[in-house]
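Required output: the full structure, derived from the provided sequences and hints.
Protein chains: 2
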Amino acid sequence: MSTSQPKTPTSQIRSSTEFARYVGLARTTVSRVLNGQPGLKPKTIERVKRAIEETGFVPNAYALHLKGKRTATVGICIENLLTPPVVRKLASLQRLLREDNFTSLIEVIEPGNSDKVIRHFLSMRVEAVVFIGHFNEDDLTRHVAELGARETPHLVIDHVGIKGANTVSLDRTKAMRVLMDHLLDYGHRTFALLAFNSPARSVLDRLHGIGDALAARGLVLEQCTSAHDGVYPRVNDFEEGRRIARAFVESGKVPTAFIAVNDEVAIGAMHGLQEAGLRVPQDVSVAGFNNLDVCLMPTPALTSIDQRIEETIQVAQEVLLPQLGQPLRARSLVRLIEPLLVARGSTGPVRS
Amino acid sequence: MSTSQPKTPTSQIRSSTEFARYVGLARTTVSRVLNGQPGLKPKTIERVKRAIEETGFVPNAYALHLKGKRTATVGICIENLLTPPVVRKLASLQRLLREDNFTSLIEVIEPGNSDKVIRHFLSMRVEAVVFIGHFNEDDLTRHVAELGARETPHLVIDHVGIKGANTVSLDRTKAMRVLMDHLLDYGHRTFALLAFNSPARSVLDRLHGIGDALAARGLVLEQCTSAHDGVYPRVNDFEEGRRIARAFVESGKVPTAFIAVNDEVAIGAMHGLQEAGLRVPQDVSVAGFNNLDVCLMPTPALTSIDQRIEETIQVAQEVLLPQLGQPLRARSLVRLIEPLLVARGSTGPVRS
DNA sequence: CTGAAAGCGCTTACAG
DNA sequence: CTGAAAGCGCTTACAG
Chain G
1 MSTSQPKTPT SQIRSSTEFA RYVGLARTTV SRVLNGQPGL KPKTIERVKR AIEETGFVPN
61 AYALHLKGKR TATVGICIEN LLTPPVVRKL ASLQRLLRED NFTSLIEVIE PGNSDKVIRH
121 FLSMRVEAVV FIGHFNEDDL TRHVAELGAR ETPHLVIDHV GIKGANTVSL DRTKAMRVLM
181 DHLLDYGHRT FALLAFNSPA RSVLDRLHGI GDALAARGLV LEQCTSAHDG VYPRVNDFEE
241 GRRIARAFVE SGKVPTAFIA VNDEVAIGAM HGLQEAGLRV PQDVSVAGFN NLDVCLMPTP
301 ALTSIDQRIE ETIQVAQEVL LPQLGQPLRA RSLVRLIEPL LVARGSTGPV RS
Chain B
1 MSTSQPKTPT SQIRSSTEFA RYVGLARTTV SRVLNGQPGL KPKTIERVKR AIEETGFVPN
61 AYALHLKGKR TATVGICIEN LLTPPVVRKL ASLQRLLRED NFTSLIEVIE PGNSDKVIRH
121 FLSMRVEAVV FIGHFNEDDL TRHVAELGAR ETPHLVIDHV GIKGANTVSL DRTKAMRVLM
181 DHLLDYGHRT FALLAFNSPA RSVLDRLHGI GDALAARGLV LEQCTSAHDG VYPRVNDFEE
241 GRRIARAFVE SGKVPTAFIA VNDEVAIGAM HGLQEAGLRV PQDVSVAGFN NLDVCLMPTP
301 ALTSIDQRIE ETIQVAQEVL LPQLGQPLRA RSLVRLIEPL LVARGSTGPV RS
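Chains G and B, in that order, give the protein sequences. Using the working numbering, the first residue of the first sequence is number 1, and each one after it goes up by one. Using the working numbering, the first residue of the second sequence is number 1, and each one after it goes up by one.
Certain hints may be false.
If several chains are the same, the list does not tell them apart, and a pair holds so long as it fits within one copy or across any two.
As the list claims (entries may be wrong) - Heads up, simulated BS3-like pairs for lysine-lysine below, C-alpha to C-alpha not over 27 angstroms straight-line:
no.: 1; residue 1: 174; residue 2: 116
no.: 2; residue 1: 69; residue 2: 253
no.: 3; residue 1: 163; residue 2: 174
no.: 4; residue 1: 69; residue 2: 116
no.: 5; residue 1: 43; residue 2: 116
no.: 6; residue 1: 67; residue 2: 41
no.: 7; residue 1: 116; residue 2: 49
no.: 8; residue 1: 116; residue 2: 67
no.: 9; residue 1: 49; residue 2: 69
Keep in mind the hints are simulated off the structure, nothing from the lab. None of the values given here were measured: they were computed from a predicted structure.
Pasting the structure below:
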C-alpha cells in the first residue's frame, strides 16, 4: 500500500481522520508530526511524511485556526488608484510579511465597500489591518477606532492626520520644502503648480510645504505661484501635463519653474514646453514627484522626489510586527519618512 | 441594557454563544437571523440586528466554513514582475470576483515559493486557483495537474502552452502578425527587434508571429531582422531602449522599422533615434506593445498593441465561474483574445 | 512513545 | 416560532 505511486495524490483524503486511518496511526500522533512536536519515533515521522506525499494531504486551515492556532493573517486595504508607488508598497509589505510567515488578505477599497472589507477581515480574524494609500477620511477614522475597540492593531501608510491612527508616511510637506529650496536656490521666484487641484490630504500637505518654503524666504504663495489646472477628470496624466503647459504658454505668462503633482504630469508638461520652443532647463525648470523609471526618459532627465518606499515599508514592518499578539499600545504612533530629492537635468539656474 | 450606547462596541463578545447570551436567545435563533433564514418574528430579527450594532459581533469565518459553508475563495497567483498590465488584470479579476461575492487570496509567486503558495491555497480550501502572468513552466504544469487531481478548477491567464491547462490569453502570435502586416503594408522590409532576447514563452510566441508574417510574404526572418540586445539584466526599460537604438545607429546599419518588446523600450528607442537626428516616422518607424498611457507622451505618439485586458478578464470570468462547485470538466479549454493594433504617429510609410 | 476525549464556534437537522 | 444535540476537522491536555 505504501509502495511507490507518488505521482497521483489520492484526492479522496480530506481530513486528518481519514489520513490517520490511511497511515495507520492515531490522529493525535499525526497532528504531532504535522506540528513538528518533539518525542516522536523517527520511523513514525517518516511514515507520516511519506503518506503526505502519497496522498497530498493538506490540513484544513479553518479547523486549525478554529482550534486556537494563530491565524497569522494581516488584512491590507489598498486605495483604488493602483499607481506604481502604491503597488510597490503593497508588494514590499506582502513580501516582508511572508518572510515572517504572515499571510496577507488584500482588498481594494472602493467608495462604499470599506465596511464590507473590514467586516470580512474581522471575520477572518486578522491579527492586524494595514491601510495603504488615501481613503475617505471619515471611513478611515471610523475603522481605526473600531479596530482599536477590538484590540486589533492597525497601521496607516501614507494617510496622515487620522485621529488615533498609527501612521507611517513620507513627509510630504518636507518633500516639497526640499524641492522648493532646490529651486529657490537656483533663483526661481515664479512657479507653476501642475495638477495640484485635489482636495486630498496628501496634496494639501504638499501645498503647505510649498507655502512654508516660500514663507521662509519672505515670499507669499499666492503671489509666486499660478495654475491652469483642468477641471475635467484626468484620463491620461501625460496628456494633462502637456495640456496645462500649453495653457501657460498661451497665457503669455510662463513661470520659470514648473512643479507637477507627479512624474507623469511633469513629463507631459516638459514635452509641451519643449514643443512650444522653450528649453529645459535653460528657459524653464520642471520637477516631478515619485521618481518613477520614466524620469530617465525625457531629455533632460526629470528631477523628482523619491518616496523611499523600501524604507517606508521597513519602518512599517518595525512598527507593526511587535504589536501583533501584544496588548494594544495606548498612544498612537506617527513616523515620518525623510524625502529624497533626486536632482537631474530638468532643473537648473534661472536665466538671468 | 439594550438602550443606547452604540458607539463603543463591547469587544468582549467573540462567539455566537456569548452573543446569544447577550441578546437572550438561543444560538440557533441567532444563527438563523444571521443567515437570513425565513420564519423569524420581525421583533426577533430586530433584536438581533440591534445587538450586532451594539456589540460589533462578527461571526468567525473559520467556524463557518468548517461547518460546511462554501469558502467562496479563489486563490490568485501573480508573477513576480508587477508590470502595469499584470496589475490591471489582477485588479479587474478581483473586482469581478468580488461582484460575485468571492474573496480572493493573492500571492506573488517568486522562484521557489510556488509550492508553498499552492499548499496555503489548498489549506484555505480555495474553490479555484488562477495564475496571472508567466511562471516556471514545469512548476505551472505540476500545479495544474495537482489541482486537477484534487478536482479544484484552475485558470491560467497569459501563459499558453501548459499541458492540460485551462487558458485565456492574448493571441500574441497574431498580435505580432497584425503589427508586422501594418509595417509591411507601409513598405518596411528591414526590422530591428528590441529586447526580444528572452526565452519566455510569451516572447517566443511573438517571434513566431513576426516570422509568420514575413513568411506569408515570402520573406525570411533571419534576413529581415537584426538585434543589438544587451546581455545584462535590464534596470530601466527606457534606458535599455535608448541604448539599443544607439547601438543600431553606431553600427551604421539602421533598419527602417523598430519593433520593441514593450512600450517602455520602444519609447526609449524613439528618444535614442531622435537624439541621433533620425525623424520618426519619416526615417524610422517605431512600435511598442501593451498600449500603456505612456504611449501618448512622445512626439509622435507611439503605435502599440493593446492587450484588451478588460475583455481578457471578462472571458476569464465566464470560463471560471461556471466551474466553481461543479464537477471538473474533462477537457481543458483554451481561449485566445484578439489583439488590437493601435496605430499612431510613430509608424508610417517607409521612405522611398 | 501513542491513543481516547474534550472542545474551538459555528450550522443544521430534529424536536417541541 | 424557538431550543437542545450532533458534528465539521483539527489540537491539546490527560491517560496509559
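Outcome of the hint check:
In the homo-oligomer, the alpha carbons of residue 174 and residue 116 never lie at most 27 angstroms apart, since the shortest distance is 35 angstroms inside one protomer and 42 angstroms across protomers. Taking CA atoms no more than 27 angstroms apart as the test, residue 69 paired with residue 253 passes in neither setting, with 66 angstroms inside one copy and 66 angstroms between copies. Taking CA atoms no more than 27 angstroms apart as the test, residue 163 paired with residue 174 passes inside one copy only; the shortest distance there is 21 angstroms, against 54 angstroms between copies. When the C-alpha separation of residue 69 and residue 116 is checked against a cutoff of 27 angstroms, the pair qualifies both within a copy, at 25 angstroms, and between copies, at 19 angstroms.
In this homomeric assembly, residue 43 and residue 116 come within 27 angstroms of each other (Cα to Cα) only across copies, at 25 angstroms, whereas the closest approach inside a single copy is 49 angstroms. Within a single copy, residue 67 and residue 41 get their C-alpha atoms as close as 26 angstroms, which meets the 27 angstroms cut-off; across copies the closest is 34 angstroms, which misses it. When the C-alpha separation of residue 116 and residue 49 is checked against a cutoff of 27 angstroms, the pair qualifies only between copies, where the shortest distance is 16 angstroms, while the shortest distance within a copy is 41 angstroms. For a Cα distance limit of 27 angstroms, the shortest separation of residue 116 from residue 67 qualifies both inside one copy, at 26 angstroms, and across copies, at 22 angstroms.
For a Cα distance limit of 27 angstroms, the shortest separation of residue 49 from residue 69 inside one copy, 22 angstroms, qualifies, whereas the shortest one across copies, 30 angstroms, does not.
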